[in-house]
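There are 2 protein chains.
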Amino acid sequence: MKHYLQAYRNELLGSVIPFWMERSPDSVHGGYFTCLDQKGQVYDTDKFVWLQARQVWMFSMLYANVEPNPAWLRMAKDGAAFLEKHGRDASGDFYFSLTQTGAPLVQPYNIFSDCFAAMAFSALYKVDPQLAYRQLSTDTFHRILSRRNNPKGTYSKTVPGTRNLKSFALPMILSNLTLEMEHLLDPGLVKDLVPGVIHEVMEVFLDAESGLVLENVLEDGSFSDCFEGRLTSPGHAIEAMWFMLDLSCRFDDEALRDRAIATGLKTLEYGWDTTYGGIYYFLDCKGHPPEKLEWNQKLWWVHLETLVFLAKAYQLSGDKACLHWFEKVHEYTWTHFRDPDYPEWFGYLDRYGRVQLSLKGGKWKGCFHVPRGLYQVWQTLEQLT
Amino acid sequence: MKHYLQAYRNELLGSVIPFWMERSPDSVHGGYFTCLDQKGQVYDTDKFVWLQARQVWMFSMLYANVEPNPAWLRMAKDGAAFLEKHGRDASGDFYFSLTQTGAPLVQPYNIFSDCFAAMAFSALYKVDPQLAYRQLSTDTFHRILSRRNNPKGTYSKTVPGTRNLKSFALPMILSNLTLEMEHLLDPGLVKDLVPGVIHEVMEVFLDAESGLVLENVLEDGSFSDCFEGRLTSPGHAIEAMWFMLDLSCRFDDEALRDRAIATGLKTLEYGWDTTYGGIYYFLDCKGHPPEKLEWNQKLWWVHLETLVFLAKAYQLSGDKACLHWFEKVHEYTWTHFRDPDYPEWFGYLDRYGRVQLSLKGGKWKGCFHVPRGLYQVWQTLEQLT
Numbered sequence: 064m065k066h067y068l069q070a071y072r073n074e075l076l077g078s079v080i081p082f083w084m085e086r087s088p089d090s091v092h093g094g095y096f097t098c099l100d101q102k103g104q105v106y107d108t109d110k111f112v113w114l115q116a117r118q119v120w121m122f123s124m125l126y127a128n129v130e131p132n133p134a135w136l137r138m139a140k141d142g143a144a145f146l147e148k149h150g151r152d153a154s155g156d157f158y159f160s161l162t163q164t165g166a167p168l169v170q171p172y173n174i175f176s177d178c179f180a181a182m183a184f185s186a187l188y189k190v191d192p193q194l195a196y197r198q199l200s201t202d203t204f205h206r207i208l209s210r211r212n213n214p215k216g217t218y219s220k221t222v223p224g225t226r227n228l229k230s231f232a233l234p235m236i237l238s239n240l241t242l243e244m245e246h247l248l249d250p251g252l253v254k255d256l257v258p259g260v261i262h263e264v265m266e267v268f269l270d271a272e273s274g275l276v277l278e279n280v281l282e283d284g285s286f287s288d289c290f291e292g293r294l295t296s297p298g299h300a301i302e303a304m305w306f307m308l309d310l311s312c313r314f315d316d317e318a319l320r321d322r323a324i325a326t327g328l329k330t331l332e333y334g335w336d337t338t339y340g341g342i343y344y345f346l347d348c349k350g351h352p353p354e355k356l357e358w359n360q361k362l363w364w365v366h367l368e369t370l371v372f373l374a375k376a377y378q379l380s381g382d383k384a385c386l387h388w389f390e391k392v393h394e395y396t397w398t399h400f401r402d403p404d405y406p407e408w409f410g411y412l413d414r415y416g417r418v419q420l421s422l423k424g425g426k427w428k429g430c431f432h433v434p435r436g437l438y439q440v441w442q443t444l445e446q447l448t
Numbered sequence: 064m065k066h067y068l069q070a071y072r073n074e075l076l077g078s079v080i081p082f083w084m085e086r087s088p089d090s091v092h093g094g095y096f097t098c099l100d101q102k103g104q105v106y107d108t109d110k111f112v113w114l115q116a117r118q119v120w121m122f123s124m125l126y127a128n129v130e131p132n133p134a135w136l137r138m139a140k141d142g143a144a145f146l147e148k149h150g151r152d153a154s155g156d157f158y159f160s161l162t163q164t165g166a167p168l169v170q171p172y173n174i175f176s177d178c179f180a181a182m183a184f185s186a187l188y189k190v191d192p193q194l195a196y197r198q199l200s201t202d203t204f205h206r207i208l209s210r211r212n213n214p215k216g217t218y219s220k221t222v223p224g225t226r227n228l229k230s231f232a233l234p235m236i237l238s239n240l241t242l243e244m245e246h247l248l249d250p251g252l253v254k255d256l257v258p259g260v261i262h263e264v265m266e267v268f269l270d271a272e273s274g275l276v277l278e279n280v281l282e283d284g285s286f287s288d289c290f291e292g293r294l295t296s297p298g299h300a301i302e303a304m305w306f307m308l309d310l311s312c313r314f315d316d317e318a319l320r321d322r323a324i325a326t327g328l329k330t331l332e333y334g335w336d337t338t339y340g341g342i343y344y345f346l347d348c349k350g351h352p353p354e355k356l357e358w359n360q361k362l363w364w365v366h367l368e369t370l371v372f373l374a375k376a377y378q379l380s381g382d383k384a385c386l387h388w389f390e391k392v393h394e395y396t397w398t399h400f401r402d403p404d405y406p407e408w409f410g411y412l413d414r415y416g417r418v419q420l421s422l423k424g425g426k427w428k429g430c431f432h433v434p435r436g437l438y439q440v441w442q443t444l445e446q447l448t
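In order, the protein sequence lines correspond to chains W and B. Numbering of the first sequence is given in the numbering used here, commencing with residue 64 and proceeding in unit increments. Numbering of the second sequence is given in the numbering used here, commencing with residue 64 and proceeding in unit increments.
Source of the hints: derived by calculation from the structure; they are not laboratory data. All of these numbers come straight from a predicted model, not from anything done at the bench. Be a bit skeptical, because a hint or two may be false.
Since copy identity is lost for identical chains, a pair holds within one copy or between any two.
To be verified - Calculated lysine to aspartate or glutamate pairs in the DMTMM-like style (CA-CA distance at most 20 Å, straight line):
(1) Lys426 / Glu357
(2) Lys229 / Asp109
(3) Lys229 / Glu291
(4) Lys355 / Asp100
(5) Lys140 / Glu130
(6) Lys102 / Glu354
(7) Lys355 / Asp109
(8) Lys349 / Glu332
Could you build the full structure based on these sequences and the hints that come with them?
See the structure below:
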């Protein structure tokens with residue numbers, strides 16, 4: 064498996080990161096353009112806060128872990144300055160999107176803007192320990208915790224009381240964010256939080272009967288037989304399983320490691336399109352028609368996160384099933400998502416594997432899953448003996 | 064063209080309407096099931112208010128215009144009773160969705176629930192003139208007018224002031240609703256409203272330069288170069304053009320008729336997939352990647368509304384281009400959307416015309432576009448000499 068290492072490293076450092084370095088900075092107003100077409104031309108100038116934050120995180124992380132390239136640090140700090148100046152409303156919550164100049168467009172209805180902002184400033188503090196970065200990160204983290212039970216706040220359209228669902232996305236992201244921010248958090252808080260998020264992911268949202276992770280369950284953890292309750296997102300579940308593997312390493316928890324590997328593999332068997340290859344975006348756990356029209360599309364992040372999971376699972380367990388799947392998903396991913404003509408990868412394929420949006424970045428795709436995935440696989444393969 | 068008549072009539076009365084009569088009534092709790100799989104089995108029991116209302120409208124309209132079948136009236140009144148009892152919140156706005164028993168699930172964030180409720184009770188009043196129906200319809204209509212400038216109310220996620228967009232959907236639906244409700248409205252109100260909605264559709268949202276109808280424009284009517292501002296939905300625009308044709312007949316406006324026909328044909332040329340056939344769901348008017356992942360799918364309602372437009376346009380103008388296009392769209396629609404094995408039509412095809420959700424009804428597809436389209440084409444062909 065180790066022979067894959069160079070491909071991941073070279074693609075990251077020789078192609079993907081230079082693409083974002085060259086194409087995304089807004090030298091006039093600060094922050095990053097993320098709406099970039101196949102060749103890297105800007106086709107829209109709006110700034111989506113979570114994508115801004117993810118890019119700050121990415122360049123801070125690379126500076127810390129790959130090499131102290133001053134251009135990477137400048138890149139991270141430029142995005143951070145834009146977020147500091149324009150990102151938050153009066154109560155400190157992060158808007159969802161801004162205009163090119165930083166005027167707020169969409170309210171802070173989406174707590175993932177805050178999650179990635181906390182993660183960004185935490186990573187930046189590691190490489191440039193300014194108190195303001197630390198403060199912004201921990202303040203944001205505490206606001207996230209206080210908004211946990213009602214993350215959409217007044218923007219929720221659900222009538223309270225009839226069918227109170229909770230979503231997998233928040234415990235999942237907290238399981239990663241808590242490790243990312245451990246250097247800034249009180250050890251007691253980490254010790255309190257971690258068992259809770261592991262329990263939510265592995266006991267509450269992981270349905271014991273089917274072995275599948277559900278995207279939404281009732282507040283008491285039970286199954287809700289409705290569109291949202293039946294929804295599964297294999298890529299989301301598999302990504303969460305590599306967060307669980309990281310936690311299993313950090314806290315030396317072999318049982319968690321084994322369950323995360325088994326769950327990830329089971330989800331992959333379930334989500335793999337045996338006819339055309341690739342992993343479905345959404346499936347209804349009872350086999351009914353999913354509500355989402357894009358259910359059978361093949362998305363870049365799903366495949367990159369699956370490669371990270373499989374590399375880590377193989378490195379930790381030596382399980383040949385992980386190796387076999389890694390080879391299969393690697394082959395599909397590199398053949399279908401990587402653009403042979405221009406840098407960065409395609410994001411959106413139809414069921415048959417044909418590119419159906421040729422963009423390299425947009426409203427939902429930025430400098431994150433491709434470079435993080437390449438980095439994580441590279442680093443994991445380095446550890447293989 | 065008249066030889067198509069029997070096919071539309073027979074499909075409506077011999078297959079589609081019997082399907083909804085047999086499969087959708089909830090004999091226990093009232094209202095209708097709309098989540099019906101390929102064979103007509105219920106796979107979800109939630110009740111989506113606008114689909115409930117559309118079905119009340121459909122059966123009332125058929126009773127008034129096709130034949131006074133008492134089973135059709137019972138069907139309409141059962142749905143109306145469910146909506147009367149459970150549909151509204153304390154201020155009289157219609158929820159978006161309810162559980163099977165009628166408990167509210169999703170708040171009245173979507174004014175189209177109200178639009179279709181007003182339309183439903185107005186049509187029901189025509190065939191069963193109970194004052195309560197009339198009152199509910201006109202009260203709802205006046206609430207819609209008062210919510211016109213801020214239809215999403217507190218559920219809007221847009222930060223006011225930065226980029227105030229208005230959406231094509233509301234003037235479009237009002238152009239139809241005002242005619243539908245004319246028998247209940249003060250003639251002065253109709254005379255006030257109609258020129259305004261025609262102006263919005265044909266001058267404000269119809270972009271003079273490109274000849275295309277935009278889904279969103281700035282409050283002052285100007286183009287906004289962002290994802291929402293560049294968005295076009297050919298089916299939506301073409302549907303609006305047959306509403307304009309109805310208005311042109313009602314108010315004897317030949318200039319409107321000619322512009323509506325020209326705009327509909329231009330939109331169809333623009334929206335037709337010359338490689339695989341069928342009409343795209345969404346396109347970016349500048350040719351950039353659309354935000355919507357389902358942009359290149361082929362949806363049932365788009366094609367049915369286009370057939371209605373083309374039939375009306377041909378009947379009014381005798382223009383051979385309309386005939387030619389009708390034949391082409393008819394062939395695509397009947398070959399791809401009609402299910403040869405079970406009643407009712409498929410709703411969702413991928414770009415290549417393959418069925419990608421086999422449902423006959425769901426959260427967004429109910430007893431509406433297929434039967435209304437079949438009925439409208441049938442009736443229009445009846446008028447051809």
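So, going through the hints one by one against the coordinates:
In the homo-oligomer, the alpha carbons of Lys426 and Glu357 lie at most 20 Å apart both inside one protomer (16 Å) and across protomers (15 Å), since each shortest distance falls under that limit. Taking identical chains as interchangeable, the C-alpha atoms of Lys229 and Asp109 lie at most 20 Å apart only when they sit on different chains, with a minimum of 18 Å there against 30 Å within one chain. When the C-alpha separation of Lys229 and Glu291 is checked against a cutoff of 20 Å, the pair qualifies only within one copy, where the shortest distance is 10 Å, while the shortest distance between copies is 29 Å. Taking CA atoms no more than 20 Å apart as the test, Lys355 paired with Asp100 passes between copies only; the shortest distance there is 15 Å, against 25 Å inside one copy.
In this homomeric assembly, Lys140 and Glu130 come within 20 Å of each other (Cα to Cα) only inside a single copy, at 16 Å, whereas the closest approach across copies is 72 Å. In the homo-oligomer, the alpha carbons of Lys102 and Glu354 lie at most 20 Å apart only across protomers (18 Å), although the nearest pairing inside one protomer, at 33 Å, exceeds that limit. Within a single copy, Lys355 and Asp109 get their C-alpha atoms only as close as 25 Å, which misses the 20 Å cut-off; across copies the closest is 16 Å, which meets it. Taking the shortest alpha-carbon separations for Lys349 and Glu332, only the intra-copy value of 16 Å comes in at or below 20 Å, while the best inter-copy value is 41 Å.
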